[in-house]
Amino acid sequence: MYEFDISGGSKAVLYRELLAALDALSAGEQDAIANMANAAALIAQVLPDLNWAGFYRNVGGELVLGPFQGKAACIRIPFGRGVCGAAAASRTTQIVADVHDFPGHIACDAASNAELVVPIVWQGALIGVLDLDSPVAGRFDAEDAAGCEALMAMLAPRIAG
Numbered sequence: 553m554y555e556f557d558i559s560g561g562s563k564a565v566l567y568r569e570l571l572a573a574l575d576a577l578s579a580g581e582q583d584a585i586a587n588m589a590n591a592a593a594l595i596a597q598v599l600p601d602l603n604w605a606g607f608y609r610n611v612g613g614e615l616v617l618g619p620f621q622g623k624a625a626c627i628r629i630p631f632g633r634g635v636c637g638a639a640a641a642s643r644t645t646q647i648v649a650d651v652h653d654f655p656g657h658i659a660c661d662a663a664s665n666a667e668l669v670v671p672i673v674w675q676g677a678l679i680g681v682l683d684l685d686s687p688v689a690g691r692f693d694a695e696d697a698a699g700c701e702a703l704m705a706m707l708a709p710r711i712a713g
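Sequential numbering of the sequence shown, starting at 553, is according to my numbering.
Just so you know, the hints here were simulated from the structure itself, not pulled from any lab data.
A quick note: this is a predicted structure, and the numbers were derived from the prediction, not measured.
Ideal Cβ placement from N, Cα and C applies to all residues, glycine included.
Any given hint could turn out to be false.
[Stated by the list, open to error] Pairwise CB distance ranges, derived in the manner of DEER restraints:
# : residue 1 : residue 2 : range
1 : Ser562    : His652    : 27 to 33 Å
2 : Asp693    : Ala572    : 17 to 23 Å
3 : Ala649    : Ala576    : 30 to 36 Å
4 : Val611    : Ala705    : 20 to 26 Å
5 : Ala572    : Ala641    : 27 to 33 Å
6 : Ser562    : Val616    : 33 to 39 Å
Kindly produce the complete structure, drawing on both the sequences and the hints.
Dropping the structure here:
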């Protein structure tokens, strides 16, 4: 059993401690699904005000649902569609303060109001995306994006296989 004492404090401290915990949790493990599953569980446990945390994997140029914490979700998302598809197509992090204002938003959970999606790229290839949803409008900011980008940069080689 793993237990991590992540005190948080400032966002910078929270993400630094979360990065250390995820690094320890996934170190030496080569199974991509196991690492994504533990990452989703840890992120959902540690980050406040989330109602969904998980992964969509790039399978044949389409996003396919991977390990997650939250309500049942959309299984397949084409590149360019919704927030996840936009992140995959552009390979840029998407911070959406109000998903209801995002053109083509895919509503898997009506309780979601804000979304952060981070593309996961390893050696030039898009592996997938990290998707975080919150019931709190405006929940995510540039500090959350930077923290999650650092998490995915560390995790990418551990889920690329």
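Would you list, in rising numerical order, the hints stated earlier that this structure does not obey? Going through the list in order, the structure violates no hint and respects every one.
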